[in-house]
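Asks: Protein chains in written order, with the numbering used here: chain L, 1 to 111; chain H, 1001 to 1112.
Just so you know, the hints here were simulated from the structure itself, not pulled from any lab data.
Be careful, since some hints might not be right.
Under the rule of at most 30 Å between Cα atoms (straight-line distance), these lysine-lysine pairs were calculated in the BS3-like manner [unchecked claim]:
| hint | chain 1 | residue 1 | chain 2 | residue 2 |
| --- | --- | --- | --- | --- |
| 1 | L | LYS45 | H | LYS1020 |
| 2 | L | LYS69 | L | LYS37 |
| 3 | H | LYS1044 | L | LYS69 |
Heads up, incomplete: computed chain H residues facing chain L, CB under 7 Å, no partners named [what the hints assert, rightly or not]:
| hint | residue |
| --- | --- |
| 4 | GLY1014 |
| 5 | GLN1017 |
| 6 | ASN1041 |
| 7 | PHE1043 |
| 8 | GLN1056 |
| 9 | PHE1065 |
| 10 | GLY1096 |
| 11 | ASP1099 |
| 12 | PHE1103 |
Note that the structure is a prediction, hence the values are computed from the model and not measured.
Beta carbons are placed, not taken as given, at the ideal position from N, Cα and C, and that holds for glycine.
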Amino acid sequence: GEQVEQLPSILRVQEGSSASINCTYENSASNYFPWYKQEPGENPKLIIDIRSNMERKQTQGLIVLLDKKAKRFSLHITDTQPGDSAMYFCAAINMGYKLTFGTGTSLLVDP
Amino acid sequence: NSKVIQTPRYLVKGQGQKAKMRCIPEKGHPVVFWYQQNKNNEFKFLINFQNQEVLQQIDMTEKRFSAECPSNSPCSLEIQSSEAGDSALYLCASSGNQDTQYFGPGTRLLVL
């Protein structure tokens, strides 16, 4: 199986600053790491993902880093905006296809 | 983003009643997943299918949960005898490549 730890559980930042969320996993066979954003009352939406053959991926103000040796991956949101306020979940998949989710980070961006 | 369709969006049942929800995966996606997200935002994987076949499922020892993905019909998840603890958001996701999963809007179940 897999277990994913996610920190921090709550993150409050000023508009325009960056926000970082960190996750660790246990199973070295895990090979796919997506990040989901979930707004209140909505479903989780895939915002970025990274596979184990990469160390870094960047898209539209989002950066994900993967350190396979440390079994750690992270999401960095640059130039945060109030619209980035939401719950963020990391997840991991090993050979079994099912997602194992982290416990979530509540991000609040103050204008 | 996601083209997964889930119905109904909201479901209210009394304890002991059946609760059934449906999912139409994104066109061309052969793999379908069901997850439960509770009020503490914790996700629990329930079952997944590739076409009509079960790939993985949790140990549904309670036997109250059943699911299927028949050919040419929506996938479904059914709780035979709802309990208060089943109140949650039930999320269906589909995948075209077995890892990238897109979630539908969910069915929010409230068991009174």
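Asks: A separate judgement is required for each hint: does it hold in the structure or not?
Replies: Status of the hints after comparison with the structure:
Pair hint LYS45 (chain L) plus LYS1020 (chain H) holds up; C-alpha atoms about 24 Å apart against a cutoff of 30 Å. A threshold of 30 Å between alpha carbons decides the hint, and for LYS69 (chain L) with LYS37 (chain L) the separation of about 26 Å falls inside it, so the pair holds. The hinted pair formed by LYS1044 (chain H) and LYS69 (chain L) meets the criterion: a straight-line CA distance of about 27 Å does not exceed 30 Å. Evaluation of the GLY1014 (chain H) hint against chain L yields a violated restraint, the C-beta minimum of about 24 Å exceeding 7 Å.
With a cut of 7 Å, the hint placing GLN1017 (chain H) at the interface with chain L is violated, because the nearest CB-to-CB distance is about 24 Å. Satisfaction of the interface hint for ASN1041 (chain H) is found here, the shortest Cβ-Cβ separation to chain L being roughly 5 Å, below the 7 Å cut-off. Restraint check, PHE1043 (chain H) versus chain L: the minimum CB separation of about 4 Å is within 7 Å; hint holds. With its C-beta approaching chain L no nearer than about 6 Å, GLN1056 (chain H) sits inside the 7 Å limit, and its interface hint holds.
Among the interface hints, the one on PHE1065 (chain H) is violated; its C-beta lies about 15 Å from the nearest C-beta in chain L, farther than the 7 Å criterion. For GLY1096 (chain H), the interface hint is violated, since its Cβ never comes within 7 Å of a Cβ in chain L; the closest pair sits about 12 Å apart. A least Cβ separation of about 4 Å between ASP1099 (chain H) and chain L falls short of the 7 Å threshold, and the interface hint therefore holds. At its closest, the beta carbon of PHE1103 (chain H) sits 5 Å from a beta carbon of chain L; the interface hint therefore holds under the 7 Å criterion.
In this structure, the earlier hints numbered 4, 5, 9 and 10 are contradicted, and the remaining ones agree with it.
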